[in-house]
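Letter by letter, the chains look like this.
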Amino acid sequence: MTAGLLTAEWTKIRSVRSTMWSLLAFMVVAIGFSALIATVISNTWNNPGNHPNHVTLLTDPTAVLFGAGFGLGQLAICVLGVIVISSEYSTGAIRASLLAVPRRIPVLAAKAAVFALLDLVVSAITVFAVFFITTAILRSHVSITLSQPGITRACIGGILYLTVLGLFALAVGGLIRHTAGAIATVIALVLVVPPLISLIPGTIANHVHGYLPTVAGTLVAQSSQQPADVLSPWQGFGVLCLWTAVLLAACGLLLVRRDA
Amino acid sequence: MAEAPGLIEARELTKRFGDKVAVHDLSFSVEPGRVTGFLGPNGAGKSTTMRLITGLDRPDGGTATIGGLAYGDLIKPLTRVGALLEARSLHPGRSARNHLLFLAQTQDIPATRVDEVLDLVGLREVARKRAGGFSLGMTQRLGIAAAMLGNPPVLLLDEPVNGLDPEGIRWVRNFTRQLAAEGRTVFVSSHLMSEMAVTADHLVVIGRGSLIADCSTEEFIERSSERSVLVRTPDTARLRELIIGAGGSVQDHDGNGDMNGSDPNNSDPNNSDPNNKGMIVTGLPAPRIGELAASASLVLHELTPRLPSLEEAFMEMTADSVEYGQSSVS
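Chains W and R, in that order, are what the protein sequence lines are.
10 is the number of the first residue of the first sequence in my numbering; add one for each residue after it.
2 is the number of the first residue of the second sequence in my numbering; add one for each residue after it.
Treat the hints loosely; a few may be bogus.
Pairwise CB distance ranges (calculated) [what the hints assert, rightly or not]:
hint, chain 1, residue 1, chain 2, residue 2, range
1, R, Glu317, W, Met29, 54 to 64 Å
2, R, Glu183, W, Leu33, 43 to 53 Å
3, R, Pro111, W, Leu33, 26 to 36 Å
4, R, Pro111, W, Met29, 20 to 30 Å
Some chain R residues judged to face chain W by a derived CB distance under 10 Å, without partners named [unchecked claim]:
hint, residue
5, Gly94
6, Leu104
7, Ser136
Stretch by stretch, here's where chain R covers chain W in the computed footprint (C-beta under 8 Å, at least three residues) [said to hold, decoys possible]:
hint, segment
8, 11 to 25
9, 110 to 118
The hints are simulated quantities; they were obtained by calculation from the structure and are not laboratory data.
Here the structure is a predicted model, which is why all the values come from computation and not from measurement.
No residue lacks a Cβ here, since even glycine has one placed at the ideal position from N, Cα and C.
Take these sequences, add in the hints, and give me the full structure.
Following this line, the structure appears as structure tokens:
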């Protein structure tokens, strides 16, 4: 993987509109929803029904601050991760790419590196924007700062989670190669499978649920450990990284094996 | 001994898709300094062969090399080989310039070269427009620009005139001939026989994935067995009887001028009667027809031995290997 290859992948990703639209959707949804929820909590602070939110804000503030906004916004990152690679197949651009770099693995490596870096930067901006906007909205009721235990780790964890999640989606996109199928698969893994498995009673199902990529991965974005968590924050992040590494390796293997 | 950098060699190439054999034990070589046409009916395996040479598909057997190296072993391959494969090998949302720019960056080719090839194919004006809005002809030109990006000594062009208007076709024809004249290896597939007749010096002909011919264009036409003679006479009926009596066979000439392809618009100034389009005689040589006419004191206006056109030669030699038959066409 050379500097030229990284530059080339950067040219590719910046020169299609879907990149900008996906990242904009992610930022707008994440920041917008988080600010909206913080505003609603602030405005209804004295309603008796709000008590559970108060408790959560005190015990695990980032679960409230990053909750719905990132839960929805992360789907835009997943979509971008998939189409960064699947669009090469659907448009035929993969042929041009592989004629230029016939060894193939460097293409995947450069693509993953450039997308991960872009994802990291945009996620960092968004996570800290959400943190400072929502804490500002709630300031008159509760004080949450980066120096409190677990908060800085949760913010950095959120950024890392969104970065690795993007790579996870990219690997699925490269394995399935069809945009619609790959997006459906990733969204099923992120949104549909975890609640279904959590419905199954018993400790085995509980552990399976705990090791699912996004269930494990989001632990690192929580400011404090919850009783139901199977893994510690960094263990959970490690599990997500492992899922992603295995899928990326499979993606690389098939990229070399399959006809383009 | 090192091989010439421009030599393309396919050795016993075989490719299967499922239980369908797309390319079977195919061996040929493509030499620098001339245009080599790659001919075959639809489904014969031309595009698959191109994809095997460029490493997009992995062969089930055999090897393809360029200057002695497999495509995957070439350093900065775009500076060694320029390939135009399927025209739509680009993201429709990306501008022509950015498409070429990212390709250039992978090979450390300076961005100024991108503008050069855009000028070369006449796309400078639309360089910043999204390629998805391009006509097929413009897309082909962009593909040719991409192939020329690294100024390579070897060009592989799969159906380059597809979708081009007559002016574009002439441009590609002159362009490929010029590239060959510069000493480059030019390997062009086409299903347009007339185009190959005026463009290619050498032909590689395949049918059903197997080699049918690998020879010069003239030799290919010569090799076709079917020779005929164009005969014009004021007394068609009597000469026809004589010819059939002597064992020849006669067909009415369809009047499409010279079928050797040199100039289809050439109307025959010697033909006094425009309604007498003459007849095509097969099975008798021209001198024997002349003798027959003389013995019966018949006047001949024309007696022309003819070679089959490239198209006729091609149809004859690939007749057994047409993948998609035309039995339903009356």
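Cross-check of the supplied hints:
For the hinted restraint 54 to 64 Å between Glu317/R and Met29/W, the CB-CB distance of approximately 57 Å keeps it satisfied. Under the hint 43 to 53 Å, the C-beta atoms of Glu183/R and Leu33/W, about 48 Å apart, fit the expected range. For Pro111/R paired with Leu33/W, a C-beta distance near 33 Å keeps the hint of 26 to 36 Å intact. A hinted range of 20 to 30 Å holds for the C-beta pair Pro111/R and Met29/W, which are about 27 Å apart.
Interface restraint check: Gly94/R against chain W, minimum CB-CB distance 4 Å, threshold 10 Å, status holds. With a cut of 10 Å, the hint placing Leu104/R at the interface with chain W holds, because the nearest CB-to-CB distance is about 5 Å. Here the hint on Ser136/R is broken, as its CB sits about 17 Å from the closest CB of chain W, past 10 Å. Proximity of the segment 11 to 25 of chain W to chain R, defined as three or more residues with a beta carbon under 8 Å from a beta carbon of that chain, is established by the 10 residues found.
Here's how the segment 110 to 118 of chain W fares: 3 of its residues keep a CB closer than 8 Å to some CB of chain R, so the rule of at least three is met and the hint holds.
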